[in-house]
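S.K.: Per our numbering, the sequence shown starts with residue 73, numbered consecutively.
Hints listed in this document are in silico derivations from the structure and should not be mistaken for laboratory results.
From the three backbone atoms N, C-alpha and C, an ideal C-beta is built for every residue, glycine too.
One or more of the hints may lead you astray.
Using C-beta positions, here's what the derived DEER-type ranges look like [to be verified]:
#, residue 1, residue 2, range
1, 156, 127, 12 to 22 Å
2, 154, 194, 22 to 32 Å
3, 81, 185, 36 to 46 Å
4, 215, 131, 40 to 50 Å
5, 215, 133, 32 to 42 Å
6, 123, 200, 18 to 28 Å
7, 200, 166, 34 to 44 Å
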Amino acid sequence: MTRYLQAVGWLALLVFLLPALGYVLVLLVSRPRPPVAFGSWYGVFVLAWFLVALPVMALLWVIPALPRAAVAAVVVYLGLLVVPLASGMARYPLHIIRCGHLPLVGTTFAAGYTYTTSASPAYAVTPLDDRFFCSREEASSAGFRESRT
């Protein structure tokens, strides 16, 4: 039981602290800043990531605590990249790295095919947002139009 609790501690560190530090970094370098609503949605995403990783970690009982937590965190994160309503939240940080700035956020919800820029007051990332673009040209070539809100 002690080894499992150690692994839970490592998992919490990997799943909560590292993304939180990344989010703080995004807040520090982003102009304009992402809205508070994103932090709320991202918090729910990270909590779900942690809870889903717990049983995965329990299945890996033969591995030492830190590697077990790391494997569980990575396996669940990779799974969340393809799960509807979670994949956008999982892919958003990867697109910040890919673009080198906050990406344009696109949604296909209700066949809208719209995107918002980071300069827009409506800029947010929610579970319904499923596409990210580095430029307006990239979004337009994919058939998206800028949101009017």
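S.K.: Provide an ascending list of the numbers of those earlier hints which the structure does not satisfy.
M.R.: Violated: hints 5 and 7.
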